[in-house]
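K.L.:
Sequence:
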Amino acid sequence: MLEAIALLGTGRSFRGGARTPLVQFGAEALHIFAEVQSLAGTESLGFSRSERAWQARANGLDLASLTELVRRLPVLVMEPGSHALVEGGSEHRRKLLDWLLFHVEPGFAHAATRYSRVLKQRNAALKQDGANALSLGIWDHALAEAGALLASYRQAAWAPLQQHFADALSLALPELGAVQLNFHQGWPDEQGLIEALQARLAVDLGRGFSSRGPHRADWTLGFAEAHEKTWLSRGQEKCVFLAFAVAILKRFFELRGERAL
10 MLEAIALLGT GRSFRGGART PLVQFGAEAL HIFAEVQSLA GTESLGFSRS
60 ERAWQARANG LDLASLTELV RRLPVLVMEP GSHALVEGGS EHRRKLLDWL
110 LFHVEPGFAH AATRYSRVLK QRNAALKQDG ANALSLGIWD HALAEAGALL
160 ASYRQAAWAP LQQHFADALS LALPELGAVQ LNFHQGWPDE QGLIEALQAR
210 LAVDLGRGFS SRGPHRADWT LGFAEAHEKT WLSRGQEKCV FLAFAVAILK
260 RFFELRGERA L
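Residue numbering for the sequence shown follows the working numbering, starting at 10 and increasing by one per position.
No lab work stands behind these hints: they were computed from the structure.
Worth double-checking, as some hints may not be accurate.
No more than 20 Å apart at the CA atoms, straight line, and that leaves these computed lysine to aspartate or glutamate pairs for DMTMM-like [stated by the list, open to error]: (1) K247 - E234; (2) K247 - E114; (3) K104 - E60; (4) K259 - E114; (5) K247 - D176; (6) K129 - E96; (7) K104 - D227.
Here are the in silico distance ranges between beta carbons for each label pair [stated by the list, open to error]: (8) E204 - A38: 47 to 53 Å; (9) I41 - Q200: 24 to 30 Å; (10) P183 - S59: 46 to 52 Å; (11) N68 - A142: 49 to 55 Å; (12) S99 - Q46: 43 to 49 Å; (13) S57 - S125: 34 to 40 Å; (14) F42 - G146: 50 to 56 Å; (15) S125 - S59: 40 to 46 Å; (16) S220 - L70: 16 to 22 Å; (17) V32 - V84: 17 to 23 Å; (18) F42 - T122: 42 to 48 Å.
Just so you know, even glycine gets a beta-carbon here, dropped at the ideal spot from N, CA and C.
Build the full structure now, drawing on both the sequences and the hints.
P.N.:
Here you go:
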């Protein structure tokens with residue numbers, strides 16, 4: 010049951026991305042049907058997945074993308090590896106913040122997709138023979154424009170979210186003392202993104218990828234009694250994830266007036 014809900018709400022299983030193990034032995038595909046009640050009313054959702062393809066439906070109509078399906082059923086999943094929120098790379102910390110934005114900001118998904126597309130194009134241009142400031146100029150400006158919009162969504166979401174997060178941490182881990190939270194946009198605060206990209210151009214050309222931008226965004230936390238995240242036990246790391254999840258779900262309710270799963 011939990012896996013079926015996760016599939017409807019995320020488009021994938023929390024056990025991994027492989028398709029075949031999800032389908033019962035001897036069956037050609039899996040099928041999930043559900044009715045979802047929200048402030049907008051009741052919707053009938055369907056999801057099918059085989060070894061070769063997937064199909065999603067809402068109220069009897071085919072959906073063109075999984076994005077259209079998961080938007081209808083906000084599900085926040087706690088997985089066995091959720092402690093990676095603390096000890097893992099920055100992508101784990103961006104993921105949960107972006108989950109909130111995906112469900113509460115109509116323009117966020119488009120902004121994130123556009124930025125990802127331009128980032129790939131700039132990275133490809135960095136790897137080309139003879140790449141220089143002139144040939145990268147068009148991609149610098151395109152990435153700066155797309156990145157500034159994406160970063161503005163995250164900055165606006167973080168400001169009210171961090172207080173909920175701090176409150177939840179003080180309840181979950183009172184033994185660690187006062188908490189300090191900081192958000193990093195992915196480039197120096199004193200620079201605009203275009204300036205940051207141009208200042209790092211030589212480094213980026215040498216490495217073949219963009220080292221500044223919202224794809225490098227992160228947030229950090231520290232406690233009065235545990236200044237380094239490596240000082241936390243595995244159980245405490247999971248408590249940090251739960252506290253962040255509680256903060257996100259609380260903010261979701263404030264903005265949408267309904268609860269996620």
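K.L.:
For the pair we were handed, K247 and E234, check the Cα-Cα distance against 20 Å.
P.N.:
18 Å, holds
K.L.:
Quick check: does the Cβ-Cβ distance between F42 and G146 fall within 50 to 56 Å?
P.N.:
52 Å, holds
K.L.:
Range hint 47 to 53 Å: satisfied by the CB atoms of E204 and A38?
P.N.:
52 Å, holds
K.L.:
Measure nothing beyond the straight line between the CA atoms of K259 and E114; if it is 20 Å or shorter, mark the hint as holding.
P.N.:
Judged against 20 Å, a Cα distance of about 16 Å means the pair holds.
K.L.:
Would the hint linking K247 and D176 be met if the CA-CA limit is 20 Å?
P.N.:
16 Å, holds
K.L.:
Straight-line Cα separation of K129 and E96 no greater than 20 Å?
P.N.:
Between K129 and E96 the Cα gap is close to 27 Å, so the pair fails against 20 Å, i.e. violated.
K.L.:
Given the range 49 to 55 Å, decide if the beta-carbon distance of N68 to A142 lies inside it.
P.N.:
52 Å, holds
K.L.:
Regarding S220 and L70, is the given constraint of 16 to 22 Å on their beta-carbon distance met?
P.N.:
44 Å, violated
K.L.:
Indicate whether the distance between the beta carbons of S57 and S125 respects the range 34 to 40 Å.
P.N.:
Given range 34 to 40 Å: violated, Cβ gap about 27 Å.
K.L.:
Is K247 within 20 Å of E114, Cα to Cα?
P.N.:
27 Å, violated
K.L.:
Please test the hint of 40 to 46 Å on the beta carbon pair from S125 and S59.
P.N.:
28 Å, violated
K.L.:
Looking only at beta-carbon atoms, does the pair P183, S59 fall within the given range of 46 to 52 Å?
P.N.:
49 Å, holds
Violated hints for the displayed structure, listed by number in ascending order: 2, 3, 6, 9, 12, 13, 15, 16 and 18.
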